[in-house]
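Colleague: In case you want the letters, here they are:
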Amino acid sequence: EDQVTQSPEALRLQEGESSSLNCSYTVSGLRGLFWYRQDPGKGPEFLFTLYSAGEEKEKERLKATLTKKESFLHITAPKPEDSATYLCAVRATTSGTYKYIFGTGTRLKVLA
Amino acid sequence: EAGVTQFPSHSVIEKGQTVTLRCDPISGHDNLYWYRRVMGKEIKFLLHFVKESKQDESGMPNNRFLAERTGGTYSTLKVQPAELEDSGVYFCASSPGSHQQYFGPGTRLTVT
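Sequence lines, in order, name chains A and B. The first sequence runs 891 to 1002 under the numbering used here. The second sequence runs 27 to 138 under the numbering used here.
The hints are simulated quantities; they were obtained by calculation from the structure and are not laboratory data. Accuracy of the hints is not assured; some may be wrong.
Label pairs and their in silico Cβ distance ranges [as the list claims (entries may be wrong)]: (1) P34/B with E948/A: 33 to 39 angstroms; (2) R902/A with T136/B: 26 to 32 angstroms; (3) H964/A with G42/B: 46 to 52 angstroms; (4) K932/A with E109/B: 23 to 29 angstroms.
Remember, it's a predicted structure, so these values are computed and weren't measured experimentally. Note that beta-carbon positions come from the ideal geometry of N, C-alpha and C, so glycine has one too.
Between the sequences and the hints, there should be enough to build the whole structure, so can you do that?
Modeller: Listed below in C-alpha cells is the structure:
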C-alpha cells in the first residue's frame, strides 16, 4: 500500500538551531515528491518539488533532498517565522492514473 | 494574480442537511483538485478535474458527495445528506499542469 510517513510529529527548536525533517515513502511509480508549508487557518503553500534520487532544491534557509526511500527538509539557522507545519506529499502513478498522497506533517516551533 | 478562493470559510450544519462548497481556481488553471483533512489525519485526495471532466474521483468517500465543474471554471462540492464523519477541512487546489499545486485556504465543515 502506498504510504507517506513524516517524522518527527512535532519539533521545537531554538532560533539558530539547525535540524532536519524526514519524509519516508513507500509508493509505486513515484512521479514527484512535494514539500509544503502550512500556517494555521491557511492552505498548504508550495515549497519544493523533487523528482529523482540525488536531487536537491534550496530556498532561503530551507533545503530539500531526495533518496529512493525518503526526503529530508533541512532547516538552517531557523527563525521564529519559520514556525509552521511542514507537509510532504508524493505523486504516484497507478494503472495510468496519478494519485497524491500526503503525510500527516511535522509541526515546527522555533523559539526566539 | 488572485489565488485559489474557497467559499464559505466555515460552515456548521446539522446531520442530514445539505451543504455546497465552492472553489474558484486560479484563472487559466485546467487542473482542479479537492482534498479533505479530517482532524488528526493527513490530507486525503478526493478528486481531480481537468477542465470540466472528472479525471479521477477514486477518493470520493461515497455517493453522498457530488462534485461539478461546469464550464471548466469554478467547482462545487455538494454533500447530501451530511453525516457526522463528514466534518473536516475541505481544500481545493489548482494547477496549470500536473505538478505544482496552489491551494486555497480551505472550508471548515462541522456537522452536528
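Colleague: To test your reading of the hints: which numbers does this structure violate?
Modeller: Nothing - there is no hint that the structure violates, so all of them hold.
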